[in-house]
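Trainee: Residue-level listing of the chains:
Protein chains: 2
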Amino acid sequence: MILLDEKFKAIDAENAPGQEMRQNEINLDSIMLGEKLDGVAVDFSHGDIDAFTPIPETAKVWMESYSKGSSQAYTEYRGLSEIRSKLSENLAEFTGRIIDANRELIITPGTQGALFLALAATVTEGVKVAIVEPDYFANRKLIKFLGGDMVAIPLNYLEEETLNGLDLKILEESFKGGVKVFVFSTPNNPTGHVYSKATVLKIATLAKMYGVTLIVDQLYSRMLYSGESFFHLRSADVQPDNLITIMGPSKTESLSGFRLGVAVGTPEIIDRMERLQAIVSLRAAGYNQGVLRKWFNEPDGWLDNRICEHEAIRDDLLYIFRSAGLKVARPQAGSYLFPQLPQLKVDLTTFVRLLRHQAGVIVTSGTEFAPLCTNSIRLNFSQKHHVATEAVKRIVKMVEIYRL
Amino acid sequence: MILLDEKFKAIDAENAPGQEMRQNEINLDSIMLGEKLDGVAVDFSHGDIDAFTPIPETAKVWMESYSKGSSQAYTEYRGLSEIRSKLSENLAEFTGRIIDANRELIITPGTQGALFLALAATVTEGVKVAIVEPDYFANRKLIKFLGGDMVAIPLNYLEEETLNGLDLKILEESFKGGVKVFVFSTPNNPTGHVYSKATVLKIATLAKMYGVTLIVDQLYSRMLYSGESFFHLRSADVQPDNLITIMGPSKTESLSGFRLGVAVGTPEIIDRMERLQAIVSLRAAGYNQGVLRKWFNEPDGWLDNRICEHEAIRDDLLYIFRSAGLKVARPQAGSYLFPQLPQLKVDLTTFVRLLRHQAGVIVTSGTEFAPLCTNSIRLNFSQKHHVATEAVKRIVKMVEIYRL
Chain Z
1 MILLDEKFKA
11 IDAENAPGQE
21 MRQNEINLDS
31 IMLGEKLDGV
41 AVDFSHGDID
51 AFTPIPETAK
61 VWMESYSKGS
71 SQAYTEYRGL
81 SEIRSKLSEN
91 LAEFTGRIID
101 ANRELIITPG
111 TQGALFLALA
121 ATVTEGVKVA
131 IVEPDYFANR
141 KLIKFLGGDM
151 VAIPLNYLEE
161 ETLNGLDLKI
171 LEESFKGGVK
181 VFVFSTPNNP
191 TGHVYSKATV
201 LKIATLAKMY
211 GVTLIVDQLY
221 SRMLYSGESF
231 FHLRSADVQP
241 DNLITIMGPS
251 KTESLSGFRL
261 GVAVGTPEII
271 DRMERLQAIV
281 SLRAAGYNQG
291 VLRKWFNEPD
301 GWLDNRICEH
311 EAIRDDLLYI
321 FRSAGLKVAR
331 PQAGSYLFPQ
341 LPQLKVDLTT
351 FVRLLRHQAG
361 VIVTSGTEFA
371 PLCTNSIRLN
381 FSQKHHVATE
391 AVKRIVKMVE
401 IYRL
Chain W
405 MILLDEKFKA
415 IDAENAPGQE
425 MRQNEINLDS
435 IMLGEKLDGV
445 AVDFSHGDID
455 AFTPIPETAK
465 VWMESYSKGS
475 SQAYTEYRGL
485 SEIRSKLSEN
495 LAEFTGRIID
505 ANRELIITPG
515 TQGALFLALA
525 ATVTEGVKVA
535 IVEPDYFANR
545 KLIKFLGGDM
555 VAIPLNYLEE
565 ETLNGLDLKI
575 LEESFKGGVK
585 VFVFSTPNNP
595 TGHVYSKATV
605 LKIATLAKMY
615 GVTLIVDQLY
625 SRMLYSGESF
635 FHLRSADVQP
645 DNLITIMGPS
655 KTESLSGFRL
665 GVAVGTPEII
675 DRMERLQAIV
685 SLRAAGYNQG
695 VLRKWFNEPD
705 GWLDNRICEH
715 EAIRDDLLYI
725 FRSAGLKVAR
735 PQAGSYLFPQ
745 LPQLKVDLTT
755 FVRLLRHQAG
765 VIVTSGTEFA
775 PLCTNSIRLN
785 FSQKHHVATE
795 AVKRIVKMVE
805 IYRL
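Chains as they are written, first to last, in our numbering: chain Z, 1 to 404; chain W, 405 to 808.
Please keep in mind that the hints were generated in silico from the structure rather than gathered at the bench. A hint or two may mislead.
No farther apart than 27 Å at their CA atoms in a straight line, the calculated lysine-lysine pairs in the DSSO-like style are these [as the list claims (entries may be wrong)]: (1) Z:K144 x W:K472; (2) W:K472 x W:K490; (3) W:K548 x W:K532; (4) Z:K68 x W:K472.
All chains, please: the whole structure from these sequences, using the hints.
Mentor: Spelled out as structure tokens, the structure:
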């Protein structure tokens, strides 16, 4: 069982966002410098759906779905046909390429489910997989669990905006070196960086040239801030042989409590994903699938307003961090901030625990996103505006207290 | 990718229950003997929750859960603490052994999710796993996918009732031969056989003696027919070092549309299961978890009445099958019937498709449950009583038409 021991060590969830309540409290009082900082507790490890509530009428639509009974409870493993049909139209329009609802789309338990299924369908022992650093923490864990060999591609995100972006030379080298699968998120989690059209086109071309399977996590692509543009890899003229695009209504639309995601792309991979879903969890919960009827079908102005409110929070938090001299990229999309901290008197894990204990602020450690990000923290700023700004002021105070 | 090709071939879902709509229709009209048989179409591949509806007030409890917002949407990966506390009490009482809610219980997306997580936490390439034939079809697929080596243990279920049961000699031989994990369902799916107390005690003792991990799927253990008794392996004096017991409200309680299951047992395995769940689907859908507040908390008499209604259907269907000379075991629990068919003019796959095409009856092929069950079909008889009896009469007619 040594192999299993190692695999499960690699997917340790103790510092994962949302798992803070399971940590053994070390005696923080003995380490703590100064007093506790007053203020409303904030959990930046995920968005606050009490601040940004689900799409209007979600409960009503769920109830209609529940009242349909058997036909809605027991769907095909890949999801109810009628809902896939509607979604395929919405997603084709959004991503710029037609989708065959019967062959090219699967509904999954969250985008996490889609990521797992897509990677498990393409990665096994010894397969070389390129990942981005920093990027969504589960990518690395999934590949370790599946036995793939990881190759890290650096993402610049703290430079002048024109210098930011993926290192395409290292990416091409990795493809030359035998990488078979490349998984990445755009907008990038945790930095909010949006891959430029030129970068996306180059990735598509390289993938086609070297026969690399692409798994593109676009979870946050609907929450695009003013002045920004998003280019869908699916809409590129040159298409790789194997491409899976992942999306879901968990973030911008605040439907995380329903565990719903979708993957669209290469039929053979979608088919594998369905087979695997059949033995992993059967299907996304039937009644919940019904809620997808509201996705891409929100009231007029609802999405614009949601983006606008997040942009205002983003700008305020950026101002507070930057005024205190902390480096932080301006997210082009999504609701994550990934500030870099100065050298501290305590290590990052301890500082993150002190933030919670002393300042009532939960954040996620940067090392979840890249092993070398030992001086960064991630915040999901989809929170009550005033509460978020006050909490970020406390983070800044804590940095001052513990600065080396 | 050859390895992956093989793995995904092994988990082909084309003939899995509920996937009938994805089959390519071969030209059945050219094979069909006689006319189509009239009658209300029945899908015996799963229970009809329009006939046996979810626990009363489920929708109300779900709505309360939804209205809790963030705290219910974002639970620990292993499920909301408060719900685990309550469930641990209910399940301790039901299974006869105390449960530490914090360490010994995880809420999963259905019992399918629990099975996947438990097996993935204990089985990897080359690990010998004992399975029962026949047994739940996903067990075999999961082990193949995980790379385990399967050893089949025969279950007698068509003998005189005292002769029925697991072949314990072959089981012990397999343990001596290096089996590390034994997974089985009791009540058995597809036969409805309930393992006797003597058998369960023997399994526990053997597992302890040979250091075998036990994964016991008790999904149907609440629907126990009159005169039958169920012995929980968890309540045996001799406990194996590693034991996971799986249950859920999808069947008897008709909550399949919520994708909820639980696993209780060895903390180290539960911990692994949580880590894996974190990267597979994060958690069982948060709002749906709330519905577990009704489980083991149903109105007085509700469960008794549900069992009674199923028993009446069971008896009628048994009578129809047996009157026609078909061999079929009398299920002691659950809502499955697994009749054996005589030799037919067409193979089983074709007959199952003809049943659907000609008689409007969907059943699951016996080969899903054991490779050698090429002459059996499985029915979930949790259906409208009269509709089920009429459909079984049509099955009997079809057997007569196609009998060799």
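Trainee: Please flag the earlier hints that this structure goes against, numbers listed from lowest up.
Mentor: 1
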